[in-house]
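Colleague: Listed here are the chains, written in short residue letters.
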Amino acid sequence: MRHLKYILKTLLGVCFAGFAATTVAQEADNNWSTTLHGQARVLSRYYPGQNPAGLYRWQGEARAELEGEVNYGNYWKGRTVVIANANPDERRRNRLWANEAYVYYRQGHYFLKAGKQTAKWGALTGFSAMDLANRYDYYDVLDTEQERLGLWGLEARYSKGRTELMLRAFHPDNRSRLYLEDNRWVNLPQRMAVPGGEATMAYEGAASHYQKRLPLLSGSLSTEVGRVQVRGSWLYGNNDIPLSQIQLRTSSTRPVPYQVQLHFEPMMISALNLGTWAGEWNLWGEAAFVDSKRIGETGEITPDQYTFCSLGADRFWTFEHPERHLRLVAQFLQVFPHQSGKYAPTEIDHIFQTALLIVTELQINYNWSAALRAVAEFRAEGFYLEPRLICKAWAPLRAELSGGWLGGSGQSFFGHFKTNSRIALHLIRPIL
Amino acid sequence: MILAFTLVVTLFSTTVLPDASAIMEAHRKATAVQDLTGQLTYTNISKSGRKQTRTLQQYILRTDKGDYTYNLLLEFTDPQDVAGTATLTIQQERKDDEQWLYLPALRMSKRISPSKKSDRFMGTEITYEDLSGHLSEPIDDYQYTLLGEETINGRPAYKLEALPREGLRTQYGKRLLWIDKATHLMAQTHFFGHKGEHLKTYTATDIRPVGSGGHHRAHQIKMENVQTGNTTKVQYSGFAINAGVDAAMFSTTWMETR
Numbered sequence: 001m002r003h004l005k006y007i008l009k010t011l012l013g014v015c016f017a018g019f020a021a022t023t024v025a026q027e028a029d030n031n032w033s034t035t036l037h038g039q040a041r042v043l044s045r046y047y048p049g050q051n052p053a054g055l056y057r058w059q060g061e062a063r064a065e066l067e068g069e070v071n072y073g074n075y076w077k078g079r080t081v082v083i084a085n086a087n088p089d090e091r092r093r094n095r096l097w098a099n100e101a102y103v104y105y106r107q108g109h110y111f112l113k114a115g116k117q118t119a120k121w122g123a124l125t126g127f128s129a130m131d132l133a134n135r136y137d138y139y140d141v142l143d144t145e146q147e148r149l150g151l152w153g154l155e156a157r158y159s160k161g162r163t164e165l166m167l168r169a170f171h172p173d174n175r176s177r178l179y180l181e182d183n184r185w186v187n188l189p190q191r192m193a194v195p196g197g198e199a200t201m202a203y204e205g206a207a208s209h210y211q212k213r214l215p216l217l218s219g220s221l222s223t224e225v226g227r228v229q230v231r232g233s234w235l236y237g238n239n240d241i242p243l244s245q246i247q248l249r250t251s252s253t254r255p256v257p258y259q260v261q262l263h264f265e266p267m268m269i270s271a272l273n274l275g276t277w278a279g280e281w282n283l284w285g286e287a288a289f290v291d292s293k294r295i296g297e298t299g300e301i302t303p304d305q306y307t308f309c310s311l312g313a314d315r316f317w318t319f320e321h322p323e324r325h326l327r328l329v330a331q332f333l334q335v336f337p338h339q340s341g342k343y344a345p346t347e348i349d350h351i352f353q354t355a356l357l358i359v360t361e362l363q364i365n366y367n368w369s370a371a372l373r374a375v376a377e378f379r380a381e382g383f384y385l386e387p388r389l390i391c392k393a394w395a396p397l398r399a400e401l402s403g404g405w406l407g408g409s410g411q412s413f414f415g416h417f418k419t420n421s422r423i424a425l426h427l428i429r430p431i432l
Numbered sequence: 001m002i003l004a005f006t007l008v009v010t011l012f013s014t015t016v017l018p019d020a021s022a023i024m025e026a027h028r029k030a031t032a033v034q035d036l037t038g039q040l041t042y043t044n045i046s047k048s049g050r051k052q053t054r055t056l057q058q059y060i061l062r063t064d065k066g067d068y069t070y071n072l073l074l075e076f077t078d079p080q081d082v083a084g085t086a087t088l089t090i091q092q093e094r095k096d097d098e099q100w101l102y103l104p105a106l107r108m109s110k111r112i113s114p115s116k117k118s119d120r121f122m123g124t125e126i127t128y129e130d131l132s133g134h135l136s137e138p139i140d141d142y143q144y145t146l147l148g149e150e151t152i153n154g155r156p157a158y159k160l161e162a163l164p165r166e167g168l169r170t171q172y173g174k175r176l177l178w179i180d181k182a183t184h185l186m187a188q189t190h191f192f193g194h195k196g197e198h199l200k201t202y203t204a205t206d207i208r209p210v211g212s213g214g215h216h217r218a219h220q221i222k223m224e225n226v227q228t229g230n231t232t233k234v235q236y237s238g239f240a241i242n243a244g245v246d247a248a249m250f251s252t253t254w255m256e257t258r
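Each protein sequence line maps, in turn, to chains A and B. The opening residue of the first sequence carries number 1 in this note's numbering; numbering runs sequentially from there. The opening residue of the second sequence carries number 1 in this note's numbering; numbering runs sequentially from there.
It is worth saying that the hints were derived from the structure and are not from the lab. This one's a predicted model, so the numbers in the text were calculated from it and none came from an experiment. Misleading hints may appear alongside valid ones.
If the Cβ cut is set under 7 Å, some of the chain B residues that face chain A in the computed set are [said to hold, decoys possible]:
1. R50
2. Q52
3. R107
4. M108
5. R111
6. I112
7. S113
8. R120
9. T228
10. T257
Below, simulated EDC-like cross-link-like pairs (lysine to aspartate or glutamate); rule was C-alpha separation at most 20 Å, straight line [said to hold, decoys possible]:
11. K160/A x E256/B
12. K47/B x E224/B
13. K195/B x E320/A
14. K342/A x E381/A
15. K117/B x E320/A
16. K160/A x E98/B
17. K95/B x E224/A
18. K113/A x E256/B
From the three backbone atoms N, C-alpha and C, an ideal C-beta is built for every residue, glycine too.
Using the sequences and the hints, build the whole thing.
Modeller: Rendered as structure tokens:
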């Protein structure tokens, strides 16, 4: 398994070289096609609230993405996505990398994809328990849609009629990117109680620990029974969100130096999804069992098993006004823990416990749209509201102005991070 | 003498002008294909001049049910905020079509509630009923009357009236059709509501041969909504007719693995 990434890289190199050579050699063969797309993004965020650690109020970032594809008929495809990111505030975000680089082959009922590829495990219109395994760059915990990281591995599918079997295997080193230091979403300890008062603390890095370096394995079987879509999914690998413990290096010096111990523990998720419709409403739901680990109240790593249930509905409306339409997605989530204890607001795996999620978008006319993403977390008593205004009046430039309002009890993720309420401006433009 | 002249004119007319059903059968043959692929760019233009443009790749394959129903796969390629979105429609004779939607953000395809025939297709002024008729005119469902001949965009055309047969569920009370004489393609249609109000006007231009199989296609069409002032213009390119389309494309697996 350790050598899988290098074998895949070599295979990809050979395949792309083969593609390039064959493309040149077979210019007359119109089964070959190449496409190149690109887009540029500029993002600016402002946090009106002061972070407890006094971290940045402004964030700015620029990104360019280039996507290249080579196709031979409908059978072979090679794709690569190269991203260049620039961030004046966070040097780890200044990087240039190939986020995707894969080839696929399909023949009849079979499909095989190998290489670096982005993956989404949840197969639900809303949030799925399987999405806990998605790999992201967690520079911002709420805006992860554009931050899906490519993973080295294989995906194979066999489909016949309306039934499909999918298997995936990914290399153990495919992990999310975490930003423990100087990040508004991570509260590193600043002070600790010592005899006679308080002492300041100094962060001295993090160390990762694995019970086992597990590959990420998953399988799913989906079919249609009458007008009901049914999918059973299973996933096993290391939980990508580590359990963290503070380890003091010594307590005799000031400030007190400490290291964060990150424990990547095994996680298994099994899920059953159903989907159908009634009238013009699409209805869907999921029941999932999650077997993971967490830091217990005594500071020990303990089992964290829970059942995750959700029900959702979505619908699309059109109106007399020919430019106007509305899309609504609503989902109710309920987590049933198999052991006692309360989840801490910083446990990212447990942002939702008893929650209602709403996503809605109204196209006012061809130039303007308004959207709202909202979360109400009832058990931990937190909420999140993200209104968004989208302008395409200067197409192909797209501008999005959004606000993110976090609030509620400090026992909820949203209340705990309420100083991270922000406003943001996105500018997106195709460059090729 | 006058009676004889009238009789000659009448005989001449009936021999020169084909009857309406023959024209419509020729139209159906001209539009019916085993498979079709191509690219299309449509622009919705509002009454006040606002525009929305989308480009997509279309794959069409006649179903194996022996009737004039088709499988349609549409993949959006531009602009980038909708690129990758795809819809799969399996038409059913006299039943609701089956539809699936693939959204790249969700990375999954899902079965969605069937669209009503009167629903607008992808926000255009073309309804699902129009689209279905565009692929294959349901000639058994209408009663056609030949009204004469006219010139549409410089091309001679037969003018017909199409009235729905008793019991047919349709959003239109009447249609006026202009069938291009040379190619038997639809050159123009006026759509009327059940109260006789003029709803929409369809116009096809740039009719050219496609490939070597004797097929022709309009490369530009326009649908004007007379009631709202909204217009949809469609530009086609890269047509390939009966060149072979892989039946495996019309599956959710295909949409998810493009």
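Colleague: Hints first: check each against the structure and report whether it holds.
Modeller: Hint-by-hint comparison with the structure:
no. : hint            : verdict
1   : R50             : holds (4 Å)
2   : Q52             : holds (4 Å)
3   : R107            : holds (4 Å)
4   : M108            : holds (5 Å)
5   : R111            : holds (5 Å)
6   : I112            : holds (6 Å)
7   : S113            : holds (4 Å)
8   : R120            : holds (6 Å)
9   : T228            : holds (5 Å)
10  : T257            : holds (5 Å)
11  : K160/A x E256/B : holds (15 Å)
12  : K47/B x E224/B  : holds (10 Å)
13  : K195/B x E320/A : holds (18 Å)
14  : K342/A x E381/A : holds (13 Å)
15  : K117/B x E320/A : holds (16 Å)
16  : K160/A x E98/B  : holds (18 Å)
17  : K95/B x E224/A  : holds (18 Å)
18  : K113/A x E256/B : holds (12 Å)
The structure is consistent with each of the numbered hints, conforming to all of them.
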